[in-house]
Structure formats: C-alpha cells, structure tokens
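Protein chains in written order, with my numbering: chain S, 662 to 1058; chain G, 662 to 1058.
It should be emphasised that the hints constitute simulated quantities derived from the structure, not laboratory data.
Just so you know, not all the hints are guaranteed correct.
Pairs count within a copy or across copies, as identical chains cannot be separated in the list.
[As the list claims (entries may be wrong)] DSSO-like cross-link-like pairs, simulated, lysine-lysine; straight-line CA separation at most 30 Å:
#1 Lys668 to Lys707
#2 Lys707 to Lys940
#3 Lys668 to Lys940
#4 Lys669 to Lys940
Predicted model only: the values in this text are computed from it and were never measured.
Protein chains: 2
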Amino acid sequence: MNNPLPKKELFDIPSGIVYLDGNSLGPPLRQISRQAVEVINDEWGKDLIQAWNSANWMSMPRIVGDQIAPIIGAQPGSVAMGDTLSIKAYQALAATLELRPDRRVILSDSGNFPTDLYIAQGLIDTLDRGHKLLTPSPEDVMDMINDDVAVVYLTHVDYRTGRLHDMGAITERAHRHGAVTIWDLAHSAGAVQLAVEETRTEFAVGCTYKYLNGGPGAPAFIYIRQDIVNSIRPALSGWLGHRDPFAMAPQYDPARSTERFRIGTPPVVQFKLLHFALKIWDQISMSDIREASTRLCEQFIQEVEGRCPSLELVSPRNALNRGSQVSFESNDAYSIIQALTDQGVIGDFREPNILRFGIAPLYLDENDIVRAAQTMESVMNSECWREDRYQVKKQVT
Amino acid sequence: MNNPLPKKELFDIPSGIVYLDGNSLGPPLRQISRQAVEVINDEWGKDLIQAWNSANWMSMPRIVGDQIAPIIGAQPGSVAMGDTLSIKAYQALAATLELRPDRRVILSDSGNFPTDLYIAQGLIDTLDRGHKLLTPSPEDVMDMINDDVAVVYLTHVDYRTGRLHDMGAITERAHRHGAVTIWDLAHSAGAVQLAVEETRTEFAVGCTYKYLNGGPGAPAFIYIRQDIVNSIRPALSGWLGHRDPFAMAPQYDPARSTERFRIGTPPVVQFKLLHFALKIWDQISMSDIREASTRLCEQFIQEVEGRCPSLELVSPRNALNRGSQVSFESNDAYSIIQALTDQGVIGDFREPNILRFGIAPLYLDENDIVRAAQTMESVMNSECWREDRYQVKKQVT
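Okay, chain S solo, but in the shape it has when bound (with noise of 0.2 Å):
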C-alpha cells in the first residue's frame, strides 16, 4: 500500500473517538489553537487596525480562494471567500436567472440539501417573476435538462444518502440545452476529485467546515468560471466587492475579477483558522485521498452488513456513484445514532430515518472502520439504543 494517508499525526481526535462525522464538522488541527492566538494577540492587539495592512487581513479571502481553487480543479483568481453556503449560493442564483432572462426554471432534485432549496424559494419571491424551482428525484435530474430551464442547480454528493452526480455528463447537458449550472460542493470539497474547470460550470459554492477541517462556520467558497466572471451583475453588492472600495465612491462598480463575489468585512478570526487548516492540502494527493476514502468506505459496508443485518445500505454500492459517505436506514435511526456516540463512534442522523457515517481519510484508517462496525454490532444486539435517555431530541442533529 503506497497509500501515505491516514495522517492522524496532523489531529488530536480524542483517545477513544471514531469520528464519522467530519462530513458534518471535521476535527481541529493540532496547533490550530495558536493560530487564533497569533491574530488575537499579535495582530489585532498590537498592529490593531493596521493590521488590515500589516498582517494581511484584506487580502485574507483572496489568498485562501487561492488555496481552495486546486483542490477543486480550478485555477487561482476564480474563488472568491466569505460569508456562509446559502448566501454564496444566493449569489450565484441571482446571477444565472440574471444570465437566461427568459427562462423561468430552476431545476434541482429532492436530495437538494434544504438550504439550497429554501435561498431558491426566496430568491423567486423576491423576483417576483414566475420562477419554479423543480425537485425531481436525483436519477431524474438528467431526463429533465430542456431549453427551459435557466439553471441546473445541484448538490454534487446528496447530504442523506451520499449519491454521487455526474457533474460533467449533466453540465455538459445543461450546456447543450442552453442553460447554465451551479454545483454545490459541500459533501465533495476535500471528499472526492473535482474538476470544475474542465466541466466548463459556471459557478460552484461550497463550505469549508466539513471535509477540509476550516472549523465551525469557516467562511463559504464561491467558484466563477473566468470568462464570464465581469459581465455578472452581482446582487449582493458590497463594499468589498467594490472596484476600489476606500474609494468611498457613491456608485457601486464591482471590481474586474472574482473579487466583485466579496461582500462585507471578512471573519479575519476564522479566516486565519481556516488559511491553517487548508495548509495540508499542500501535501495530499486528492487520488490518495479518493482511493482510501473508496477503500475504507467498502469495507464499511461490509462489516456493517456483516454483522447488522438490520440496517439497510442507502447509499450507492458502486464506489462511482457514491461520495465519501456511507449512510444506512432504520426506524430507530435517531437512537441507535445517541447510543453509538455514547459508545464513542460519532455519525450522525438525518431525517428521516438516515444513519449517516462520513469517512474522511485523513483521519481514519482500517482499524477505525472495524472498531466502529463492532460498536454497532454490540448496539443492535444489545438494543442499548431502546434507552430512555437516547430518545430525546436534541436541538442539533
């Protein structure tokens, strides 16, 4: 095995943890702490508000697009950083209806994830114009791309079921009809390999506290195809998206890159963490990665089936459909997922029924994977799960 991951050496999971949720939240990296320390006391306490200059902060978003770009097959100067998914993802909404005026819809599936879905019902409220959103199921997306529809507008990895899109046979269709696409890379930054610029997308959004381990909240990516990147109008046009924002100018005129994506004062704080986390990146193979991740998710399924047979797989069998989660369902899903955590192998749930395990390979190795199918096979068979105290819903799940 030529394989160099996993490199546990870069995190301080806790003795005891299987964590198969960094596709919900991935795990600090060891040190990150000093980061944080480092712009508090250093650059904020002591350059105070010329750290803005000093320590680089304006330019913050700029340098860590740059460092998100190659791990999703793009070029450097084509991301833009800030803000969260659903407003990254309104940005990009309002610009393709802006870019197919004449059609009305916006196709999506129904393993959208609702985030997505609900910043298209409010885009098409606030523009008033007969928009429809369209969530037909994933394996009808294809089928569906005509010359009316303005926008295919996907989650590339499902958050439920982690069902994989082919991203380059529906872009390339959508194109062929006319219409323009968004992907949403949340479940697939960090997790599988991309090549956006070769699907010739014209925007991608995703997040960056999943996968690539930026922290809770890290800021949102935004993906412009480059040729198209000055003639869109952005609709939420901030100050820092301005040409020559200390200008102070009265009129809005966006800046002549990707830039015009900013909006307002970046989080320096958490882009600092991030700009750390992302720092690894350097160094990892996203083929390495994708071979663990397709290795480790097998024998996943394997031992989980092996030994609980109540469990049904919802996920893709074939690793070529499947992003790098593995996701079973049950009627007790919730429970069995409170009784698993107790037991120190972390999943998550998802409504309504979804037992859902990320698999991050940096972290993980075989041992992990046998350890957490053993801990589910001593929680179904003991039925801990049925316990008073894993009934109880929590704020998030």
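On the provided structure of chain S, position chain G as indicated by the hints.
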C-alpha cells in the same frame, strides 16, 4: 467626577499608543484570546460535532443578540446576529420594500456609508421595478420625507463627519408619511445612547467590531420591531432561519420570531469572541459613555484647534449633533494620518480629505487627548508628513 470611565484595565493597548480608531476597529479585551483557545481546544477539539449542542453553539446568535439589545435600547429577542452589515442591510431593505409595495423611493443621504448605498443599488437592479435611491445632503433628508417614500434608510452617525441624525424625529416623520425606517447603527452602538425600540423604527442594523470591540469581522446585528417580525418574508431564506432547521423539510417555513433573520451556519469562533467582548457592557452605563465621550471630544476639538490652526473641523461643534468621533479636513489628510500613526497616534483617513478620530471613552482619558493633540501639533509644525514614505497609499485606509 463620578464617571467610572475609562476602564483601561480591561484592555492591553500597546504602550505608547493613543488609539483613536476604535470607531473602525475596537481593540481586544484582555484575555480575549483565551476564549478562542477554549472554543477551539475544549469545545471543537473535545466535543467535535456534539459541541453544537453541548457548548450551545447553535444558540450563540440569540445569546449574543440579547447582549446587543440593551446597548441599543431594545428588548431581548428582538436582535438577530450573523453575517456582515451589508447582508443585514440587504435583509432589512428587501423587507421594507415589500412592506410598501406601491412606493418606489428609498430615501438615504450622501453621508451614508457606501456599502449601504451599494446594497440598495444592487437590490434595485435585482427587483427591476423602478425603485429610486435618493441621496440628498444629510441636512435635507427631513424635508424630503413624503408620501412617495417607501423607506428612510440612513446611517445614524455619519462615518466621515460624525454628524448625528435625529433618529426619533426622522422616524416619526417617516411614519407620519407612511414610510418605514432602517437605521444603520454602525457608528452608534456602544458610542451613543440609543432608544431603538422607543423610536418605533421597523429595523436597525449595525456592526460589532467598532465601539463594541468584537474583533475583525465580528458578526453583524439586525433589530426588527416585534409587532411586525412575523409578517416579514425573509429575502435571504437560509436554513437556520427556518422554523425547524433540522427537520430538513423541503419547503422554507420561517421561524415565528426574530430568528427568521438568521441565514447560515454561524462563525462560532467569532461569536465566542464577541460574546466575551460584550460581557463588559453589563457594568457600563451608556450615559457615562456619552458624558465621557462628549467631554473628551470637546477637549480634543479645543486642543487641536488651538494647536493646529490649519486643520478645519468638519464635525458638528455642538455635541448634541455629533457621535463619538471628531473629524478635521486637510488637503494633506492622508499623509498627516500616516505620520501621526508613526508617532503612536492612530486615527484614520477617509476620502477625500478627512482626518478621522474616534473617541472611545472605555480606554481613553484626558491625558491621551492632550498627548494626541501635542503629537498633531508637532507633526503639523515639523511638516514631517511631507516625507515620501507617508505618501504611499495602502490597500486599506
């Protein structure tokens, strides 16, 4: 003098510095970096995904909103937190235009901060319904409020001159003419006494990294008058504004509260810093702040006018019409600010010719004011600001 301010012991301003730029970026409180270490190492590091519940991360925006509320004269539960001021302004403006669907005028002024104007310009183009943004001189706003105005959209304290709008009178006149109001409190919160709720304004927005010392890029706030909150359709309809986000329902259904103005995943580390920074306000009376601010501003004006006759005051001379900053004009403003900074007196430059000095009574006293004025006198008399190195424009001014 019974005023307990300043409270210099709360801060670690570098020695030799007189910091007159807390209106742009407040300094860090002592020990604030410990908060970052705690959230990163103890919460994120140990509890991983579970920290969303165990460390109450998901409730941080509400908890912090309830800290902001008394500072601006609002009740608990009426302030939502997150994102940036630009986004909060967009949310408010989109809502107000829907509240007055038959009106087309957004009345702002030429002293409004650019991002507020840019956001309005962007929204007008998105809606494409013939809305007009008017930007008369601040002095003319009152007379321009009439029955055509959908929304009066102003920054309370002018970022350049420190001129203070009469929030009560303008809001009252706007309401008399059937218009709604949005007040940007970026330069007011923590600087002047506010009675947001008493004015009956529908919306107020603001940032927290100036007089509230939340740190670079700290989350912004939005206040919504509680009798209308549930009738407002959020234009930026992200999942965390949903009534039940973790139900992952396909249809957006906003929270029946101020929480509907939440959008995406909160930047938890920045929230923890802000939460810590706001704790000191329990012990601070806004009337003490205002008294000290007025006294120090008047002292500063007197000292500078006495020592630097070539600098012309552009802030209102009457404290009742002024926020907590003092600005002067000079054709050489940029270079003078650079030279002052080099000598430990930190203010900032604003286009086209303004020297701007924020007076934050939390960490400034009479000696600082004298020291600043003496340094200004020395810089003006020596003309050291003419040196080449002070002519170079930096990225951030």
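Comparing the hints with the structure gives:
For the identical chains of this complex, lysine 668 and lysine 707 are inter-copy neighbours only, at 19 Å across copies versus 35 Å inside a copy, given an alpha-carbon limit of 30 Å. In this assembly of identical chains, the alpha carbons of lysine 707 and lysine 940 lie at most 30 Å apart whether taken from the same copy (25 Å) or from different copies (22 Å). Taking identical chains as interchangeable, the C-alpha atoms of lysine 668 and lysine 940 lie at most 30 Å apart only when both belong to the same chain, with a minimum of 14 Å there against 40 Å between chains. Taking CA atoms no more than 30 Å apart as the test, lysine 669 paired with lysine 940 passes inside one copy only; the shortest distance there is 16 Å, against 38 Å between copies.
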